[in-house]
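*Asks:* Residue-level listing of the chains:
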Amino acid sequence: MADVVSSWAQAGAVLTVHRWLMVIGGLLLASAAVLVLCLQFGATSVGTGTVATAIARMLRGDEAGSAALETSEIIMVQIRFPRVLMGFLVGASLAAVGVTLQALLRNPLADPYVLGVSSGAALGVSVAILFGVGSTFMLLPILPIFGFVGGLLALLLIYRLAQSKGRLPIHSLLLAGVILNAILTAFIMFITSIMEPNRSAGLMAWLMGSLTAPGYPALGVFLLYVVLVLVVLMQKAQSLNVLTLGEETARSLGVEIDGVKKQLFFLTALLTGAIVSVSGMIGFVGMVVPHAVRLLIGSDHRLLLPASALVGGMFLTVADTIARTIMAPAEIPVGIVTALAGGPFFLYLLLWRKDRML
Amino acid sequence: MTPVPIGATGSWVSVESSAIEAVGLSFRYRTTEGRGRMWTLDDLSFQVDTGEILGIVGPNGSGKSSLLKVLSGLLPVGKGDVRLGGLSLGKWSRTDVARVVAVVPQEYAQVFPFSVAETVLMGRFPHRTARWWSMGIGEETANDFAHVHQAMADTDVLSLADRLVSDLSGGERQRVMIARALAQEPKILLLDEPTAFLDINHQIDICSLVARLRAERRLTVVLVSHDLNVASQYCDRVLMLKEGGLCRIGSPEETIRPDVLRMVYGCDVVVDAHPQTGRPRVTMPMDTVRN
Chain S
-13 MADVVSSWAQ AGAVLTVHRW LMVIGGLLLA SAAVLVLCLQ FGATSVGTGT
37 VATAIARMLR GDEAGSAALE TSEIIMVQIR FPRVLMGFLV GASLAAVGVT
87 LQALLRNPLA DPYVLGVSSG AALGVSVAIL FGVGSTFMLL PILPIFGFVG
137 GLLALLLIYR LAQSKGRLPI HSLLLAGVIL NAILTAFIMF ITSIMEPNRS
187 AGLMAWLMGS LTAPGYPALG VFLLYVVLVL VVLMQKAQSL NVLTLGEETA
237 RSLGVEIDGV KKQLFFLTAL LTGAIVSVSG MIGFVGMVVP HAVRLLIGSD
287 HRLLLPASAL VGGMFLTVAD TIARTIMAPA EIPVGIVTAL AGGPFFLYLL
337 LWRKDRML
Chain L
46 MTPVPIGATG SWVSVESSAI EAVGLSFRYR TTEGRGRMWT LDDLSFQVDT
96 GEILGIVGPN GSGKSSLLKV LSGLLPVGKG DVRLGGLSLG KWSRTDVARV
146 VAVVPQEYAQ VFPFSVAETV LMGRFPHRTA RWWSMGIGEE TANDFAHVHQ
196 AMADTDVLSL ADRLVSDLSG GERQRVMIAR ALAQEPKILL LDEPTAFLDI
246 NHQIDICSLV ARLRAERRLT VVLVSHDLNV ASQYCDRVLM LKEGGLCRIG
296 SPEETIRPDV LRMVYGCDVV VDAHPQTGRP RVTMPMDTVR N
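Residue numbers (the working numbering), protein chains in the order written: chain S, -13 to 344; chain L, 46 to 336.
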């Protein structure tokens, strides 16, 4: 049968192992290049050589206590490296959440920020901060859990709205998202207004979407968490493909729709809660990145999901580098950069390309 | 012959009698729409023989699409029973049903850029062997590709394999959806309004495709149609629904008759014989002046 298959399967009509390896391999290399490049920029810029030595030292594990460490290397190891890696992980998660929501809602404009899922998570985190809940409870990080609960509730609400009359048209779903966002933001504003000024200023800065350099233990936990959730999400890639045919067709193909949906809600809320609790509300990455990637490599979620995650990571790393350097030594929230880049793109899709997606 | 449950291999245990059997089948939606009747489908008993084409016709809202969905297990049986190959639907797992019954929905709107080949390949979903470590990459076997190729060849969409489904015409898209259903290797094909929204050329195209597939693959076909002539010309038997009840079932000559149509639809129509097949042909009367 190999000769029969070769006619169309090898011609790029379907995903092959070869193509998957090429795309993901290429994107991994590009990601590494972007990370190294972005490490150089900052309030003080350093050369590629310093970046290389710093990384080499760090890998050897002698960064602490070494007298020969220069200031630039300390900046590199203590601040910039964790910050850049954090940005990559957050961007990757946002893009993965975007891909999943888009397939689940059969809506190419779905995005955790636009639909109010991020706002839900942010409200959860704000409530936790308002009541001064400690950062950990029995070794569990508390803020992401509040973020998870808030995000999950917002997600269930928006899904309920979207499904009330079969499939909700794209515009109605976006409108529902706008209104949900407005309501949730009002609650968050209320919380900031009754806080002491110095605490509310910190909350506002976080809400605008900003990355900070975490300590290495926290970074390690976050890395493990994101990778684990993404691997579980990848198991659902085939189900996501079939879901785009419509829920009834998916069911007639043997997908246990209700179970799969529950798992997907749970996974996306897990990711959103974690991202929002560490970086606030960063918009449009989850919509712009999957859309661009889909145009280039197609819609098969087995490739789209990991490729979007890598491109999302690169996108946010670059956006954060711009946020760090454009007003140096001051920083602007990265959410402003992504909104300014993604917002107009979103409008363009909504107004001029709607014939292609409705 | 006692019914034998289907194995994990998906082998269809053909029961001599019938492919589908409905016994006292009733169904209602959980939220009744207050239209004055309790059951959307009311006490239907009929059977579909292996290899036959059964057409389901009836006025708007008579429960045609609901019946199709109950037969495929997409909607739950309310009262009574549906048997596939002699075995009650409740005893089938969803994957096992998907290996035997394929459904072509009324309309299909794909918002994402999937190619035709990718779409047809999704029909292999019930046959896939999931291995978690590979995350689904490269899980298609040569057997999968062979079935997809055959399905695309049978529906004449091979030349469209790398085109995007969203770029196709309505008729082409309908053929792709039938190919996707055939990739499931079904024994039973359920079609919901396969000729709706198509021009006459594509209507002929789809109808003769279904007739050919039945002959080539020994498929059992159940199709819902608004078009009485499609039901008359292409179906072996016609099931007529009225307000969720079975009004009549039988050959086109027995069912597509002026008196029956008057009872079901409440209007007079002209029924003559098709010049080629001699089967009943329905046309709108010109002499009736409606108020």
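These are calculated hints, taken from the structure and not from any lab test.
The beta-carbon is built from N, C-alpha and C at its ideal position, and this holds for glycine as well.
Please note: incorrect hints may appear among the correct ones.
Said to hold, decoys possible - Computed cross-link-like contacts, DSS-like style, restricted to lysine-lysine with a CA-CA straight-line distance of at most 27 Å: (1) L:K124 <-> L:K136; (2) L:K136 <-> S:K247; (3) L:K287 <-> L:K124; (4) L:K136 <-> S:K248.
As the list claims (entries may be wrong) - Computed far set for chain L versus chain S, every beta-carbon distance over 10 Å: (5) R144; (6) L166; (7) I249; (8) R259; (9) K287; (10) R293; (11) R302; (12) R307; (13) P320.
*Asks:* If a hint holds in the structure, say so; if it doesn't, say that too.
*Replies:* Going through the hints against the structure:
Distance restraint check for K124 (chain L) and K136 (chain L): the Cα-Cα separation of roughly 15 Å lies within the 27 Å cut-off, and the hinted pair is therefore satisfied. With a C-alpha separation of about 24 Å, the suggested pairing of K136 (chain L) with K247 (chain S) holds against the 27 Å cut-off. Of the pairs offered as hints, the one joining K287 (chain L) and K124 (chain L) holds, with about 18 Å between alpha carbons and a cut-off of 27 Å not exceeded. Between K136 (chain L) and K248 (chain S), the direct Cα distance comes to roughly 24 Å. Compliance with the 27 Å bound is thereby established for this hinted pair.
Annotated as non-interface, R144 (chain L) brings its C-beta within 10 Å of a C-beta of chain S; the closest such distance is 8 Å. Not every C-beta of chain S lies more than 10 Å from that of L166 (chain L), the closest at about 6 Å, which undercuts listing it as non-interface. Interface exclusion of I249 (chain L) from chain S stands, the closest Cβ pair being 25 Å apart, more than 10 Å. At the 10 Å boundary, the C-beta of R259 (chain L) stays outside the reach of chain S, the nearest C-beta of that chain being 19 Å off.
The beta carbon of K287 (chain L) is kept farther than 10 Å from every beta carbon of chain S, the shortest such distance being approximately 25 Å. A cut-off of 10 Å between C-beta atoms confirms that R293 (chain L) is not in contact with chain S; the least separation is 28 Å. Every beta carbon of chain S lies more than 10 Å from that of R302 (chain L), the smallest distance being close to 34 Å; the non-interface claim holds. R307 (chain L), annotated as away from the interface, keeps every beta carbon of chain S farther than 10 Å; the closest lies near 34 Å.
With a least beta-carbon separation of about 38 Å from chain S, P320 (chain L) lies farther than 10 Å from that chain, consistent with its non-interface assignment.
When each numbered hint is compared with the structure, violations occur for hints 5 and 6.
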